[in-house]
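Protein chains: 2
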Amino acid sequence: MTWRLDASAADFEESFKALLSTKREAAQDVDDTVRDIIADVAARGDEALIDLSKKFDHIDLAQTGIALTKAEIDAAEARVPKETLAALDLAHERIAAFHERQRPQDLRFADDAGVELGWRWSALESVGLYVPGGTASYPSSVLMNAVPAKVAGVERLVMVVPAPHGVIDPLVLAAAKRAHVDEVYRVGGAQAVAALAYGTKTIHPVAKIVGPGNAWVAAAKRRVFGLVGIDMIAGPSEILVLADKTANPEWVAIDLLAQAEHDESAQSILITDDAAFADATAAAVERQLETLSRREIATRSWREFGAIIVTKSLADSIPLADRIAAEHLEIVSEDAEALAAKVRNAGAIFIGAYTPEAIGDYVGGSNHVLPTARSARFSSGLSVLDFMKRTSILKCDASSIRAIGPAAVALGDAERLQAHARSVAVRLDQRGA
Amino acid sequence: MTWRLDASAADFEESFKALLSTKREAAQDVDDTVRDIIADVAARGDEALIDLSKKFDHIDLAQTGIALTKAEIDAAEARVPKETLAALDLAHERIAAFHERQRPQDLRFADDAGVELGWRWSALESVGLYVPGGTASYPSSVLMNAVPAKVAGVERLVMVVPAPHGVIDPLVLAAAKRAHVDEVYRVGGAQAVAALAYGTKTIHPVAKIVGPGNAWVAAAKRRVFGLVGIDMIAGPSEILVLADKTANPEWVAIDLLAQAEHDESAQSILITDDAAFADATAAAVERQLETLSRREIATRSWREFGAIIVTKSLADSIPLADRIAAEHLEIVSEDAEALAAKVRNAGAIFIGAYTPEAIGDYVGGSNHVLPTARSARFSSGLSVLDFMKRTSILKCDASSIRAIGPAAVALGDAERLQAHARSVAVRLDQRGA
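Sequences listed follow chains A and B, in order.
So the first sequence is numbered by full-length UniProt numbering: it starts at 1 and just counts up by one.
So the second sequence is numbered by full-length UniProt numbering: it starts at 1 and just counts up by one.
Only chain A is shown next, with the shape it has when bound in the complex:
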């Protein structure tokens, strides 16, 4: 049954804690298999990719080639309806425009002591983008991962996507073409992650791997982390809607269902200060559920993880929202702006009745790769910064080191790091060591 909590109930804190600590994903113990797959690819390269793709994806890469040709990508694009391509174009344009604003500034300055300090941002040389196959293969996610990488200036953006029985969603390839992905390989699973991290004859290694994937992909990313960078490990999606009685229960219901239809582990939560609105929305959810093509998935998600919480006021809901730290937070109220300003933990906030979360999934322009599973308490959505790194810069001269060097010598001595202290002291003395 969908959770129903009343914030004024005596056992509310206990129930709310239980809701927060619900495990939504069964941990799959795939780590040993993944370790073996990675070792195989690291040792045998393309041959391992060919063998593993035969086994898992029922495709003979020795026949098809591992890399997709430009002609294949163009042919796939030609199969996509014009209207869909136009929508992809609008999405691409808006995502690029938003992310252009995230380019960071370099800095260089001299302080009062004459020490020059600063930093310089540079793009990663190469990035691998994992794209899932099958029903979780979303062209919008290709744009959301690839566009910030290209805005950052990544020169080599490599996409891997499984081709079960030879099939890749043409929309995914059309999105890759729009986002200026440089190389596309028809390989998936832990073997694709291993190829990106260790490199094979065909797939050169990258500096960082991003993109969503199943338990095998996630386990492989965790394993290669350190050798290459990785993005966050995405969990199942979630939405929290804060709404008062001015909201349209039918609209809120479909927003809750848009999250629930993703995945049986997705979670949709409504917090409202109006019990009648809560009832009306619950009823609307039940009615609309019946009309959805993905009603089985959405029903399971809503029954098991869905929740409606009634509070005294929406202001009272803010501390709860901060504890939930939702990936997506929709606020529908005349006070939406003021309430949004008070929220600390959320991946993204969607303000007002005319901002359904799905707008942000596709064409809003901001990134839809957002922190899940309460990680908005400590992390942010994907951005241009995830595809750049900062090198700090320090420069002293004979005068400025005399201003600050003695303190460095004192601290080096205090930490019993003699060579540290001496490396500064010899410059103060202006003589050899």
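Misleading hints may appear alongside valid ones.
The list treats identical chains as one, so a pair stands whether inside a single copy or across any two.
Mimicking DSS-like on lysine-lysine, the simulated pairs with C-alpha atoms at most 27 Å apart in a straight line are [stated by the list, open to error]: (1) 245 to 312; (2) 150 to 70; (3) 150 to 342; (4) 201 to 23; (5) 312 to 17; (6) 201 to 17; (7) 70 to 177; (8) 54 to 70; (9) 342 to 245.
No lab work stands behind these hints, which were simulated from the structure alone.
Following the hints, complete the assembly by docking chain B onto the known chain A.
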């Protein structure tokens, strides 16, 4: 023997690859032990901390208390020489001034379609700082981790530090006091990490855990990642010096040794375009090694991982420097600025003869927590941003959703996410679903 490579040799590429792929740390298999420790602390809280600290740190926390009192911290500070406290004060002031410049900007704007977009940065609510005990207990690292957290606005900054046989370095406590650390607990190892992640009666949980530690601490951080945020997993330290014959070989030698004295796994590499300078520096290293109190550690590091590479020109060294992607890069040449501008991968660059790396360790002001083990290819040093997170903001009205909504409906349909498409469509229709 220290590596010696000649970039003009026929087998150079092979030797350079061997140097790059040298394993500097034996992987310690502590994962099972760490899993049990974490489960114990999650289940038994403070009692587990007391039992484990008896076993590992030979201290009875039931007697001493888990938390340090303000009086204990003040008493420790009183034992630190005034000169050292003054050096800590200068370091604190300079680190704070530099990091103040890293505070990010919020953004809010309306685009041509009338869609409002933006983001808002906020500080993490709480952060745990792990400080190692024994010889790896560095007050400078306390400042480098704590100051950016406080500049970011973290309200609750919690430090954990083991107290083997009851002892904590008073300098570490003096640094914590200066950096406005809010709570200090005398507990270390995987049990301290577990307490920060899961919380106990005494230690409330935090949102993120930062700071260096041994193999147990690193394994524990990897395990709790997801439940809380973690910083990078630090590997052994390294320096790359690019120097031409204008450099002072004695100065370069002591800089190489300042890295080598950290740890037997530390790595010091010199690249120069002058074979005679290479020889002179090698000889200076040997001479100075003998004079160091930590000569055994430094000798082992220099013999096993130290390297001298001779190239045709320093410009030729840049691609090598990018492949090494050193944590610390020192450039000593009249062209130092121009060479630095060409480097892509480095944690920090120290420019010119008067900027020994140790200046950056203590009082330069920039952060000394930097990416190790070639991870400067994809990551950055610690900054204020590591203690903040970004919430994106999206707001449409009835007019702007009409401008961009149809494309969202098209993409929702194309991805077969019917509720996604419908949640936008109902707002376009201006009616219920």
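TODO: List in ascending order the numbers of the hints, as given earlier, that are violated by the structure.
DONE: When the structure is compared with the hints, none of them turns out to be violated.
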